Amino acid sequence: MAKRSAPEVNAGSMADIAFLLLIFFLVTTTIPKDSGINRKLPPMEPPNEDQVVIKQKNIFTVLINGNDQLLVEDELMELKDLRKAAIEFLDNGGTTDAEGNKCDYCNGKKDLTSSDHPDKAIISLKSERETSYKTYISVQNELVAAYNDLRNIRALEIGPKKGFRDMDFVKMEKNFRDANFVGNKEKMKEVIDQIRKEYPEKLSEVQ
Amino acid sequence: MSKFKGKKDNALPAVNTASLPDIVFMLLFFFMVVTVMREDTLMIDNLLPQADQVEKLEKKYPISYIYAGKPGKGYEKFGTEARLQLNDKFADISEIRAFISAERASIAREELVDFLTVSLKVDKEANMGIVSDIKKELREANALKINYTVGTGSALDN
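Each protein sequence line maps, in turn, to chains U and W.
Quick note: the first sequence uses this note's numbering, first residue 1, plus one each step.
Quick note: the second sequence uses this note's numbering, first residue 1001, plus one each step.
Looking at chain U on its own, in the form it has when it is part of the complex (with noise of 0.2 Å):
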């Protein structure tokens, strides 16, 4: 048998298969970040003696119970009735704030026995012991959503005007967070800063 040298493999496409490869899994990576739902505790306080009296009309009550139920305003809802709910009550406007200014900026139905201002107007959010976890996040999420909404759309009213379109709070509030977003930042702190004065965030957990 005639000896043969053994044949050399092309290799020339090796670096190709690699590349597509590599650019397989560089698309298809994702990389998790964690993202949750921000809160603030209340600080330990010592016992205070004068308690501030707050109406009745203004404060919306949502009770979790053991069995994951929902009782809101002493009437039994569901999950998805709750964030139109507190919508309801957060911009309905019925009187004036503590300086006595009417809200002008509110579409609710200016009830007179439903909150007074948005400024005025509390969330108590209520849960037991036995209330499992993610009702509760979901509640939470509920009620966060119910104040997004609304400052979403009082951001498409007002930003117009300040030359930020198409743009409600959600997508501002990540714009300016965002270090390459070109525009005028200082002129968008302000119109989040009056949104945000404008509903301010008032849920209050009875511990």
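No wet-lab data here; the hints were simulated from the structure.
Keep in mind it's a predicted model, so treat the numbers as computed, not measured.
Below, computed lysine to any residue pairings styled on SDA-like, alpha-carbon distance capped at 25 Å:
(1) U:Lys-185 with U:Asn-148
(2) U:Lys-171 with W:Leu-1057
(3) U:Lys-197 with W:Lys-1145
(4) U:Lys-189 with W:Asp-1052
(5) U:Lys-110 with U:Leu-203
(6) U:Lys-126 with W:Asp-1133
(7) U:Lys-40 with W:Ile-1063
Rough simulated footprint, nothing fancy, chain W against chain U, three-plus residues with beta-carbon under 8 Å:
(8) 117-131
(9) 139-148
By construction, the Cβ of each residue, glycine as well, lies at the ideal position given by its N, Cα and C atoms.
Got chain U sorted already, so can you dock chain W onto it with the hints?
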């Protein structure tokens, strides 16, 4: 010219190593992609609930993680009630304050100490009892910035 010929005729041709770097790079990238960096080894079930009004947890500020959930596979002897995990071991509610002080002490830049955010990674099946206990301890420890870490999805499906 013929005097330079015929020297290597009988030797085997050398293996082509030109593609070796490619293979090495491929392996490198493969491992880079499949590696998940995680801070702690979980000894509990930790399936997070879902919500859609979420904000990103900014990594530029210091974050401490508190896990809670029912003991996971291999740790059944610790019972079926939701437990607390700090770092790599089960902990008691009362250890939270010491944990927060330790976390504060480990922050290298002093001006960031006040920005410490506590990320609560609680299993969706846990109940609020343990969560409110944790929150109470955090208030005592004056760690007031918290984040209920959740998955992204519709909250109505929980």
